[in-house]
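J.: Got chain C; can you put chain R on it based on the hints?
Line order of the protein sequences matches chains C and R. Quick note on numbering: the working numbering labels position 160 of the first sequence as 160, and the sequence is numbered without any gaps. Quick note on numbering: the working numbering labels position 211 of the second sequence as 211, and the sequence is numbered without any gaps.
Check before you lean on any hint, since a few could be wrong.
What the hints assert, rightly or not - If you want a taste of the chain R side facing chain C, the calculated C-beta under 8 Å gives, among others:
(1) Ser130
(2) Gln131
(3) Ser154
(4) Ala155
(5) Leu156
Claimed, not checked - Straight-line distance between alpha carbons at most 30 Å, and here's what the computed DSSO-like set of lysine-lysine pairs gives:
(6) C:Lys479 to R:Lys98
(7) C:Lys289 to C:Lys314
(8) R:Lys98 to C:Lys468
(9) C:Lys238 to C:Lys117
If you are wondering where the hints come from, they were derived from the structure by calculation, not from laboratory data. Even glycine gets a Cβ: it sits at the ideal position worked out from N, Cα and C.
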Amino acid sequence: MAASLCHFPPAVSSSSSLFVGSKSRSLLLAVSPFKHFPAKPSLSPSRPWTRSYAVSNDAAAAAAAFSVASPSDPRESPSLGEITRPDFPILHQAVNGFNLVYFDNAATSQKPSAVIKALSEYYELYNSNVHRGVHYLSAKATDAYEEARNKVANFVNAADRREIIFTRNATEAINLVAYSWGVFNLRPGDEIVLTIAEHHSSIVPWQIVAKKTGAVLKYVELTKEVPDLDQFKGLLSKNTKLVVAHHVSNVLGSVLPIDEIVDWSHKVGAKVLVDACQSVPHMVVDVQKLNVDFLVASSHKMCGPTGAGFLYGKINLLSSMPPFLGGGEMITDVFQDYSTYAEPPSRFEAGTPAIAEAIGLGAAIDYLSSIGMEKIHNYEKELSEYLYYQLSSVPNIHIYGPAPSNTVRRAALCSFNVDNIHPTDIATFLDEQHGVAVRSGHHCAQPLHRALGVNASARASLYFYNTKEEVDTFIRALKDTIEFFTTTA
Amino acid sequence: MAASCIFSSSARRLVASPKLLPNRSAFPSNASSFLCLSRSLLFSSPISFQSLPRSSPIALRAQQQRQQDQELESVDASLLPPKLRDIIALFQSVPEPKAKYQQLLHYGARLPPLDPAFKTDAHRVRGCVSQVWVRAFSDPDDPTAVRFEADSDSALTKGLAALLVFGLSGSPATVIARVPPDFVQLLGLRQSLTPSRNNGFLNMLKLMQQKAVQLYIESAQTGDSKPVESKTASTTNKEEKNSILGGEAEEVPGESASQVNGNSNLADKDETSERDDLGGRRKRIIERLQQGLSPSELEVEDVSYLHAGHAGVRGSTDGETHFNVRVISKEFEGKSLVKRHRLIYDLLQEELQSGLHALSIDAKTPSEAHSG
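Next up, chain C with everything else stripped away, as it sits in the complex:
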């Protein structure tokens, strides 16, 4: 299957991205036994791998100009991870006596000072309820809140700012679609197609709604540890009313071709809801290009505060949907025995929203945009391949999901198991004895783990502020951990 990459907006193709591309290939050749890439003359001869990531815009430019030296090579400019790390105060601490290596970004990301500052500034300077008052502070708060909505709309390239609804998180956004669109539109015998690799938040609301409406859930199984797209096409029928799919899997690291999935689904008259929690923070996501009907994401996975998330929905869809939660803000007129409702987005934002958090999300988007999502994406591609191949070198390990290649993209995360050692033991020891934070368990994907034939797995997930040195530390720590359990037990 052709795993299509995320869609880059028609951007200026700088020479820098080509430069980076070739560097990463030579890097790959040096570190892995895989011969997928044509041999290219290494741009820095006789180096095991090159850490350089010289790009000419924004934050990186200044540092690159100074040629900030790294311990191993004074000529190389620092990686994106090295450049951005100082922005994240939480990363600079010792845990259990060791430097923290935070590899649990798929669970939640860390926040830069700019976002933390935006939150405290809101409360210090202009906290006030939004949409209600006429006084100065409330006007300022309202402006900032609505400005955050604009930022989100621009970030995902929504056609209309009214297509962004702020929720508490992606889970609530999915429940909104389930209880509002789902309950209203699904009839007995209607089919909802999901993949077996979906997060519980994408599955459970639909189980509840299916019970209410008589609709039926159908699952796309795995083939070679990725969702089987041929099977998916086979499952689509005139009964399919909704397709629920992840963009990037939080366990497998695989990327689904959303544009193709939307095409196939629309042909049979089904709507598509995309869980973009693991894609929006890491790459450019263009909802118009993908042509999705609904898309959800969380603020806290993209450097924003917890307590905020959003639903994108096509405006004509949202306009036809009944309210989800009732209360203040989402009404026009309220009488004793009935009320009239507001237009979207207000219709779906009942009560006082998480104002500070939405503004914080806006600040996070500003921060990410100042780096550039393309740059983040490219850096994480390097990290992803490095992590995967380094992990592959550990004996008796099994990494779930596809191997990265020219045609197959992987997110910068790996879920894995080591023969005869429980992932919880690994995660505990990595934390206690090495300060490395990974996750162990089923990662909110029990059906997926059953399909893979395991109870639990360990998962290391990276973000743009992680570095290859941290990956090295992690691999050393993992080997030490495995040694401990195989010799002591």
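T.: Below, chain R alone, put in the same frame as chain C:
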């Protein structure tokens, strides 16, 4: 007791060398020397205990440990069974977390495997990230004592389960029920364990206490003229339970009653379905063991009368619940004690499921028997 022996030998294996500290500045070279050193530590012979340099993070941890110890002197040591106190002392003498882990793993390795028949939801401990099963039964040699068995798929959790099994087995239910949960802080493992794992530990303890109390209640009931179903026993005897646990008792799940003596099929079967050929069981045991082991010597003795009237025997009015088995067979060569017992239990599966409660086994190879 075996735990103390391990205590003395392993305490000497602790080494605190400055080289164990991670170098905070650079990654590669120092870390690898740390690794080499730690590897050699695992295989090294007993080394003397060194005092720690003040500035190390390990010293800081030891200091925190001492603080915690002082805070927790309020834990009443008299409430803890002696075996548990030994184990606690062992862990307190090992300040370094990695060595504590090693100790934990050793305990886990010593835990005998749990019969897969007991790996059911009724035995499962809730609140654990890994799978943990716990089983309680009365000691065949001492009706007031409770014995435990446990297992887990995670090595560290198995170690924790082993601590509880070794620490609590052999104590009466009244003592077990009074063990305060916060003794776990005395182990000094708490700071080395994630909160969810800690919860698992506490839940394990609670489940074991519940099962112990259940056994106690049922043994108290055997004074009654007719056998009472354990399910109703749990509800009507809540007051008794409350008095034991000091009012903190939780609802004992109905199915736990069926695990009395660990025979999970017992409550499912109707009491009338037991075989009524008197003396037949002993014959059948002899038959099966002769078929399976071709022993050179075999003695099977019915000692059910010694256990008449205690928990689990209710309803088996014709005895034939407890046997002493002494067998010498070449089949045992090269097998550990656990494997030998497993072999015998496997041969007597049918008996175990139809009213046989416990076996006291003496299993030797011919060479062992003649030299012993």
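J.: Would you mind marking each hint as holding or not holding in the structure?
T.: Against the structure, the hints come out as follows:
Against a cut-off of 8 Å between C-beta atoms, the interface hint on R:Ser130 holds, since the closest Cβ of chain C lies about 5 Å away. For R:Gln131, the interface hint holds, the least distance from its beta-carbon to any beta-carbon of chain C being 7 Å, beneath 8 Å. Hint status for R:Ser154 relative to chain C: holds, with the closest Cβ pair at about 4 Å, below 8 Å. For the restraint placing R:Ala155 at the interface with chain C, the shortest Cβ-Cβ distance is roughly 5 Å, inside the 8 Å limit, so the hint holds.
For the restraint placing R:Leu156 at the interface with chain C, the shortest Cβ-Cβ distance is roughly 5 Å, inside the 8 Å limit, so the hint holds. About 15 Å separates the Cα atoms of C:Lys479 and R:Lys98, which keeps this hinted pair within 30 Å; it holds. Only pairs whose Cα atoms come within 30 Å are accepted, and C:Lys289 paired with C:Lys314 is accepted, the gap being roughly 13 Å. Taking the CA atoms of R:Lys98 and C:Lys468, the gap is near 27 Å; set against the 30 Å cutoff, the hint holds.
About 51 Å separates the Cα atoms of C:Lys238 and C:Lys117, which puts this hinted pair outside 30 Å; it is violated.
Figure legend: structure checked against the earlier numbered hints; the only hint not met is number 9.
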